[in-house]
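Undergrad: Sequences listed follow chains A and B, in order. As numbered in the numbering used here, residues 1 to 115 make up the first sequence, in order. As numbered in the numbering used here, residues 1 to 115 make up the second sequence, in order.
Hints are computed from structural coordinates only; laboratory data are not their basis. Treat the hints with care, since some could be wrong.
To be verified - Residues of chain B clear of chain A, computed beta-carbon distances all greater than 12 Å: (1) V4; (2) Q6; (3) N7; (4) R9; (5) R22; (6) R31; (7) Q37; (8) P43; (9) L55; (10) S95; (11) E103; (12) G109.
Stated by the list, open to error - Derived CB-CB ranges, DEER-like: (13) B:R64 / A:K3: 32 to 42 Å; (14) B:G72 / A:V13: 42 to 52 Å; (15) B:E56 / A:V13: 16 to 26 Å; (16) A:I60 / B:S27: 41 to 51 Å.
Cβ coordinates follow ideal geometry from the N, Cα and C atoms, glycine included.
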Amino acid sequence: AQKVTQAQTEISVVEKEDVTLDCVYETRDTTYYLFWYKQPPSGELVFLIRRNSFDEQNEISGRYSWNFQKSTSSFNFTITASQVVDSAVYFCALSEEAEGDKIIFGKGTRLHILP
Amino acid sequence: DTGVSQNPRHKITKRGQNVTFRCDPISEHNRLYWYRQTLGQGPEFLTYFQNEAQLEKSRLLSDRFSAERPKGSFSTLEIQRTEQGDSAMYLCASSLGTGSPHEQYFGPGTRLTVT
């Protein structure tokens, strides 16, 4: 069965600090896709990244970076030099090829960036 | 604005009443998804459409729930005989739907409160 675990319920850091959000997933499928979404206080989910199971290269986009490790079934998300605007709930999610487009979300990590 | 739109944004209803929500996807997207999100949880998949065909329904979608996408454009989600447990945010998303899962773009949601 597919499952996504975000063990950190809530994190608070001071602005300009780096912060890593953890994500561990479970799947029996060999082909799957991992996602991160951001949900700011306004409530609308914002797509951040999608990776497929065959691409373990880390990715960097500005202050955001993602570390995908199949050996530990993890897909962690790091924000460098955090800013107050990064305050939001962040969701890690998984989609298995066998399950079509259905996305299974974790419970989310609420990130507070303190000025 | 060419994003996903949802109406109404908020709905308060009395237990036992029927409610209907509407979702307008991004125009060129042929897949449309419905999710439900309760407080402190990630979105839970309900159902999705490829054009006008409903391809999958979650077990969460009881007989009181019905979704349609009659012309492959906008979609409606109806809840009959609402219960207090139906109180949640109902999210709609759309994507380009061929091959591997594409990123889903979410609307602002409809918050339902059943009193």
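Undergrad: Each hint: holds or not?
TA: For each hint, the structure was consulted:
1. With a minimum CB-CB distance of about 9 Å to chain A, B:V4 fails to clear the 12 Å threshold, and the non-interface call is violated.
2. Distance check for B:Q6 against chain A: the nearest CB is about 10 Å away, which does not clear 12 Å, and the non-interface claim fails.
3. Here B:N7 stays apart from chain A, with its beta-carbon at least about 14 Å from theirs, past the 12 Å limit.
4. The non-interface label for B:R9 is inconsistent with chain A: the shortest C-beta to C-beta separation is roughly 9 Å, within 12 Å.
5. Here B:R22 stays apart from chain A, with its beta-carbon at least about 17 Å from theirs, past the 12 Å limit.
6. Its beta-carbon lying about 6 Å from the closest one in chain A, B:R31 breaks the requirement of being farther than 12 Å from that chain.
7. The non-interface label for B:Q37 is inconsistent with chain A: the shortest C-beta to C-beta separation is roughly 9 Å, within 12 Å.
8. Non-interface call for B:P43 relative to chain A: violated, since the shortest CB-CB distance, roughly 5 Å, does not exceed 12 Å.
9. The Cβ of B:L55 sits about 7 Å from the closest Cβ of chain A, inside the 12 Å cut-off, so the non-interface label is violated.
10. At roughly 7 Å, the least C-beta separation between B:S95 and chain A is not larger than 12 Å, which violates its mark as non-interface.
11. Residue placement check: B:E103 does not keep its beta carbon more than 12 Å from all beta carbons of chain A (closest about 5 Å).
12. B:G109, annotated as away from the interface, has a beta carbon of chain A within 12 Å; the closest lies near 6 Å.
13. Look at B:R64 against A:K3: about 27 Å separates their beta carbons, and that is not inside 32 to 42 Å.
14. Taking the beta carbon of each, B:G72 and A:V13 are about 45 Å apart, inside 42 to 52 Å as hinted.
15. The supplied range of 16 to 26 Å is broken by B:E56 and A:V13, whose beta-carbon atoms lie about 39 Å from each other.
16. Here the CB-CB span from A:I60 to B:S27 is close to 32 Å, at odds with the stated 41 to 51 Å.
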